[in-house]
Amino acid sequence: MTRLPQLEQELVAAAGRLPRRAVVPVARAAVATAVVIAAITAGVVVSDGGGRSPAGGTAPAAFGTDATLPDMLAVFRRPATPADDPDLTPADIPDRRPGEDPARARRIDWPDATIFLWPWRDGVCQSFDPKRVQASGTGCPPLDVLRRTGVAVGLMTREASAFASGVAVDGVDEVVLKPDGGRDVRLPVRDNTFVANLGPFAGEGARLEWTYAGEERSFDLTPILTELPAPTPHPDPVAGSISPPLEFTADGKRYSAIGFHTGRTAVCTRLSDRDTHSPLGYSCLNERLLGDALRRQPALLFAGGDTEQAGFARADVTKLTAGDAEVALSEPWRPEPWPGEPIRFFYVFAGARMPLTAALADGRTVEVP
Amino acid sequence: MEWDDAPDEALVEMARAEPAAFGAFYRRHEERMLSYFIVRAGDHEVAADLTAETFAAALAGAHRYRRRKGSASAWLFGIARNTLAMSRRQGRVEARARRRLGMTPLVLTDEVIERIAELDGAALELVSELPPDQRDAVRARVIDERDYAEIAKDMRCSEQVVRKRVSRGLENLRAGLEEK
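Residue numbers (numbering that gives the first Met the number 0), protein chains in the order written: chain A, 0 to 368; chain B, 0 to 179.
Just so you know, the hints here were simulated from the structure itself, not pulled from any lab data.
Here the structure is a predicted model, which is why all the values come from computation and not from measurement.
Where hints are given, some of them may not hold.
Unchecked claim - FRET-style restraints, in silico, Cβ to Cβ:
(1) 86(A) to 154(B): 44 to 50 Å
(2) 67(B) to 73(A): 41 to 47 Å
(3) 103(B) to 339(A): 56 to 62 Å
(4) 86(A) to 16(B): 53 to 59 Å
(5) 111(A) to 148(B): 34 to 40 Å
(6) 146(B) to 189(A): 32 to 38 Å
(7) 174(B) to 317(A): 54 to 60 Å
(8) 339(A) to 4(B): 39 to 45 Å
(9) 97(A) to 154(B): 34 to 40 Å
(10) 108(B) to 16(A): 42 to 48 Å
Quick reminder that beta carbons are idealized off the backbone N, C-alpha and C, glycines included.
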């Protein structure tokens, strides 16, 4: 007999009530672009949607390869107003894409979030700021994604909240959120955007569905949701993953910082006040996104607060400079179970994003994108 | 019983087709899960509630379990960690999965509480096997529910050191419970 026989009976009964699922092939949508530029512990992943078999009937054709952003998104055909200004300068976007121009942004207000869209040469950037949650993120899907699938989905998590948002081309008027085991939620598309507040997402799966050019499209959020770090404001380090402390002084204040792995696919840094020992902030990044980024570039600045920004660098980075800002760079360490080479973490103390330069062990000096 | 010899992974995969399979999975992991939550929550009723929510979430998400991502036991404890973290943030034990499954609240009689309390011994035994600095920190923080600052003062070290000891101690306990 178990210690909680009532629970055992309830679980078996509940299992009996669950719908029997037919086994069908699941099309996993490919991740087209992954971008994380966010407040501490917030992450944005932008992906396109996979398509299913064509539906019958007459439907508008998909946009062709020559369709421009104003051709596809009506929001860019209306005149800009002062309210559309996102108050961003090029210095605020250190990894800006070719032709990226926040001065041509359009603002869309939703009850749960404020979204800014602005163009870059080959696509559109989406800045997403949920209300009541201290976070923000930006993703820049290529136009090709919109031409092919009609919708580019972004996902952002912060503490106990997760949001899906997206850009939808003209003609896509609705996106349906289908939570695992829950009721469908119909999301209207307004000014070519939509927002879904997923609420607490731990252990939950969901899918987005829409129709574009007569084809039913879907995007499975589950793999991304389950790969994101646990939504905790105070991530717990895995024993053995913690770096030696990096102790330094910046702007006259004494700091201590460590890097660690949460054991749930996130690598984090924690900054503390060295005198009071109180934590000042955590910055976490999905280990897959971090590994991908460090294969492409020597360092990645990914999180920012009011006075400092955090990032990770490869072990062969011997020094980082960011204008006249103070930069603290840790010794290399391996945040087990990190699968890659040893890495470093760093903090830049500056109120705004500064161009970052990395000195490498082989003597080269490179600009960090 | 029929499913008692089947591997964990098969029990989870069969949960929707054969409800008894999930019953076997529950019986196999119930004690370890209760012990895990007793150590972390320090309260028998809360531990029972967390256990119920964890198994409900596991049942609701069983169709998403994939062997290539790890053992069913590790998957279950991952759900347990999420359930605990979520409950700490919200200040109450989450019941979302149980509501979704239409399960009724647990009735915790004195007899049931006593049966859960018997597990204290196993959990405390593991605590006593921790390295002394971790053991003292875990006892002070988790069992006695003292503030970090107060513990740090007693141990004559920084609060950060105490947090690290507690964190490592709990991680070792978790590993011990999963191995047990």
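Quick rundown of the hints versus the structure:
| no. | hint | in the structure |
| --- | --- | --- |
| 1 | 86(A) to 154(B): 44 to 50 Å | 48 Å, holds |
| 2 | 67(B) to 73(A): 41 to 47 Å | 44 Å, holds |
| 3 | 103(B) to 339(A): 56 to 62 Å | 48 Å, violated |
| 4 | 86(A) to 16(B): 53 to 59 Å | 56 Å, holds |
| 5 | 111(A) to 148(B): 34 to 40 Å | 37 Å, holds |
| 6 | 146(B) to 189(A): 32 to 38 Å | 48 Å, violated |
| 7 | 174(B) to 317(A): 54 to 60 Å | 36 Å, violated |
| 8 | 339(A) to 4(B): 39 to 45 Å | 40 Å, holds |
| 9 | 97(A) to 154(B): 34 to 40 Å | 56 Å, violated |
| 10 | 108(B) to 16(A): 42 to 48 Å | 26 Å, violated |
Consistency note: the structure conflicts with the earlier hints numbered 3, 6, 7, 9 and 10.
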